[in-house]
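Chemist: Spelled out from the first residue to the last, the chains are:
2 protein chains.
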Amino acid sequence: MYTNLKRTLAKECAKKVGETVKVQGWAKKVRHLGNISFLVIRERTGELQCVLEGELAGFSIETESVIEVIGEVVSTKQTSLGVELLTSSVKVINKNTLLPFEVNKKEVNTGLENLLNHRVLSLRHEKIASIFKIKATLEEAFREYLTNMGFIRIFTPKLVSQGAEGGANVFKLDYFGKEAFLAQSPQFYKQMMVASGLECVFEIGSVYRAEEHNSSRHLNEYISLDVEMGFIEDFTELMELETDVLKYMFAKIKEKNETELKLLGIEVPTITDIPKLTVDEAREILKNRYKKDMPEGDLNSEGEKLIANYIKETTGSEFVFITMYPKENRPMYTMPSENGLTKSFDLLFKGLEITSGGERIHEYEMLTQSFKEKGLNEEHFENYLNTFKYGVPPHGGFAIGLERLTAKLLGLMNVREANAFPRDIHRLTP
Amino acid sequence: MYTNLKRTLAKECAKKVGETVKVQGWAKKVRHLGNISFLVIRERTGELQCVLEGELAGFSIETESVIEVIGEVVSTKQTSLGVELLTSSVKVINKNTLLPFEVNKKEVNTGLENLLNHRVLSLRHEKIASIFKIKATLEEAFREYLTNMGFIRIFTPKLVSQGAEGGANVFKLDYFGKEAFLAQSPQFYKQMMVASGLECVFEIGSVYRAEEHNSSRHLNEYISLDVEMGFIEDFTELMELETDVLKYMFAKIKEKNETELKLLGIEVPTITDIPKLTVDEAREILKNRYKKDMPEGDLNSEGEKLIANYIKETTGSEFVFITMYPKENRPMYTMPSENGLTKSFDLLFKGLEITSGGERIHEYEMLTQSFKEKGLNEEHFENYLNTFKYGVPPHGGFAIGLERLTAKLLGLMNVREANAFPRDIHRLTP
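Sequence lines, in order, name chains A and B.
Residue numbering for the first sequence follows the working numbering, beginning at 1 and increasing consecutively.
Residue numbering for the second sequence follows the working numbering, beginning at 1 and increasing consecutively.
Fair warning: there could be bad hints in the mix.
Identical chains share a label here; the pair holds if one copy fits it or two copies do between them.
[Unchecked claim] When the alpha-carbon atoms are kept at most 25 Å apart in a straight line, the in silico DSS-like pairs for lysine-lysine are as follows:
#	residue 1	residue 2
1	Lys16	Lys254
2	Lys6	Lys247
3	Lys133	Lys312
4	Lys292	Lys247
5	Lys15	Lys374
6	Lys133	Lys105
7	Lys374	Lys22
8	Lys127	Lys389
9	Lys389	Lys106
10	Lys389	Lys28
11	Lys29	Lys389
12	Lys91	Lys252
13	Lys287	Lys178
14	Lys105	Lys16
Read the hints as simulated data drawn from the structure, not as lab findings.
Turn these sequences into a full structure, and let the hints guide you.
Modeler: Quick look at the structure:
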């Protein structure tokens, strides 16, 4: 009799008191109280309590099965939606037969390995799903801000004939008899797209690092939010742009993901101006205040954490730009400054590097010289180097690691938690 | 004296009559008329004519060099902007030293190979740049529509342990001693994300086909716009959704890319309802009307073109859905219908397949049976198959090839023209 009923979403039921609706979702739990049962159905817009009386009371179902419930929407003070369903029929659409852990508790009590092995199940937990809803909004806001600013979304190849940084950490493959690599970053291509006259570009895509790290902050495949901008006057413009992008991203999740943030108990930091320290200043502070010696011209991960604490204590900021790295510690395309330093920066968020950026060399002669100094064979980079014969403007850019940003924002212990199907040295499935 | 001047964009000059501005861009051309010269500077917002008099007259520059011009904005009836610059200084920022072809003519007179080999240069031509601006808007509109409809943007791995369709056309690589593949599509993962409770998801990402085709419509790496939707009642809902998505995409480029469409002389087709034909109906028409025999249960590319012409003539539509392909011609996850057919569809646009889609099997038993029928080893698909034990709703989806859509819309002869850095059997650079 109800065959023509269209599905009603849980959230919409609040406005349908007195109507007969069909609701579809997953069976979250069933409670029996004498001759009445309460079935909670969960779907993407929320949860709905269904009251089962008479013949339906005592209804039994494996939780996480897909079900369809038809009934009348009635008001109640017992649920957060303000309504429940007086059920007239329940149908099992597809049974769950695999429940390696319980996902309908307040917290999921199992290890990360198990969560990742059973991603389809663990994502059913609303706290875990919230991570991915927020991640989606961060990416949406990134592109929205840049599109509004006149940046063009580009798509560049991930199958390349040369590793971007020329290092050893690249995945190799056979490409119709030629040696190809998976791009470590869209670095060369985003610079080429600036030089092509598009000037201000961004890309959102997968990047690949064949690093044998197995830490809580490394992934072998991750999403890089890349920006490159032509006609800059100074590399500080890039830090200003990144600050504005991040402000917009954080404002957007506050607006769009209030429910998820509340569920996770996360307060989104307010970004005003982001403090800047040169590497040398940071190293001095670490030496004088914390008695820590850092590697030459760099900070190690302990140093990054301590500097973050220092900045948080002295300025209240969760972010800090570390600038002016020495040439030796930056890629060959980095624009030099004085005294062997470069116009470069990293951005730390809660003590973790989430961005590398800087001005790039735009003159052919200077660039080939830099390749020589790094001991790189120019012939391997012919296509990239040729770009600089076409007339390239001063430019620079940066890249944000989306999983790292998400993980740090949400206080996740491991960056894998911000990746639905992470890839690491031991993990290629599911 | 002008060192503190910020860059003014060409377009903004129209509102700055009487002001001294600094403009930066590429030298498009110089004309000398006695003791006065006209220099046209081109950048991302347009072109500006600079008048060079006195000492500056006779100024010589290699076109496509990066230059900076300072001068006073004055009104004129001679340019489309309505202003020109009375130049007080010209500075060369970075010289062009490589001009294999002329990009400042109305059309670029060189072959596709040359255009692709010198992408940075060919993209300077405003018609060529327009392709990529429109492509960016198509993608923007795709995600905007789906986000507005409550779909969640997902990110799934491209490094996988099993080829999505199980075919031979996959790129293989060594992943820390294990055999890995580049994903042919996010098919398995988008289904898993639906099953995870996100229900309605989309992804925009690279996909890889190790096909040895070398045609004008194949790429070995391309951007797939993927959609997957849970709790469908019928697979026709998917075609309705795709129709709405395409309507929105086309409306958005009409709104945002008026300039580019005009430049390319493109009239964007109006989409109303998209006609549907079953494969059998299409084959009948081809046989009776065109005397063409098609392969069993399928159309070949000649048939696709003829059917497109037929539909265009009889209904005015540039699009047509071909539905109900037989099981043998669809992947193992396709939901069967009656008589050996499936709940599947392709979408043809101007005679080219730009989409495959359909309802998927959501029951574990039916799916393993389908794997067996196709002669596939279930063990190789364990992770995917396990998904269907967790309770999966009825669902389906589709994928649009972004380059094919762009190419067909813009009347490009070769899909490579819609890819900045295409990858094919012979091309891995630049």
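Chemist: Now tell me, hint by hint, if it's right for this structure.
Modeler: Structure-based check of all given hints:
no.: 1; hint: Lys16 with Lys254; result: neither (29 Å within a copy, 38 Å between copies)
no.: 2; hint: Lys6 with Lys247; result: between (41 Å within a copy, 24 Å between copies)
no.: 3; hint: Lys133 with Lys312; result: neither (28 Å within a copy, 41 Å between copies)
no.: 4; hint: Lys292 with Lys247; result: neither (32 Å within a copy, 60 Å between copies)
no.: 5; hint: Lys15 with Lys374; result: neither (66 Å within a copy, 47 Å between copies)
no.: 6; hint: Lys133 with Lys105; result: within (20 Å within a copy, 48 Å between copies)
no.: 7; hint: Lys374 with Lys22; result: neither (66 Å within a copy, 36 Å between copies)
no.: 8; hint: Lys127 with Lys389; result: between (52 Å within a copy, 22 Å between copies)
no.: 9; hint: Lys389 with Lys106; result: between (60 Å within a copy, 23 Å between copies)
no.: 10; hint: Lys389 with Lys28; result: between (63 Å within a copy, 16 Å between copies)
no.: 11; hint: Lys29 with Lys389; result: between (66 Å within a copy, 18 Å between copies)
no.: 12; hint: Lys91 with Lys252; result: neither (39 Å within a copy, 42 Å between copies)
no.: 13; hint: Lys287 with Lys178; result: neither (50 Å within a copy, 44 Å between copies)
no.: 14; hint: Lys105 with Lys16; result: neither (29 Å within a copy, 63 Å between copies)
In the structure shown, a violation is registered for the earlier hints numbered 1, 3, 4, 5, 7, 12, 13, 14, in ascending order.
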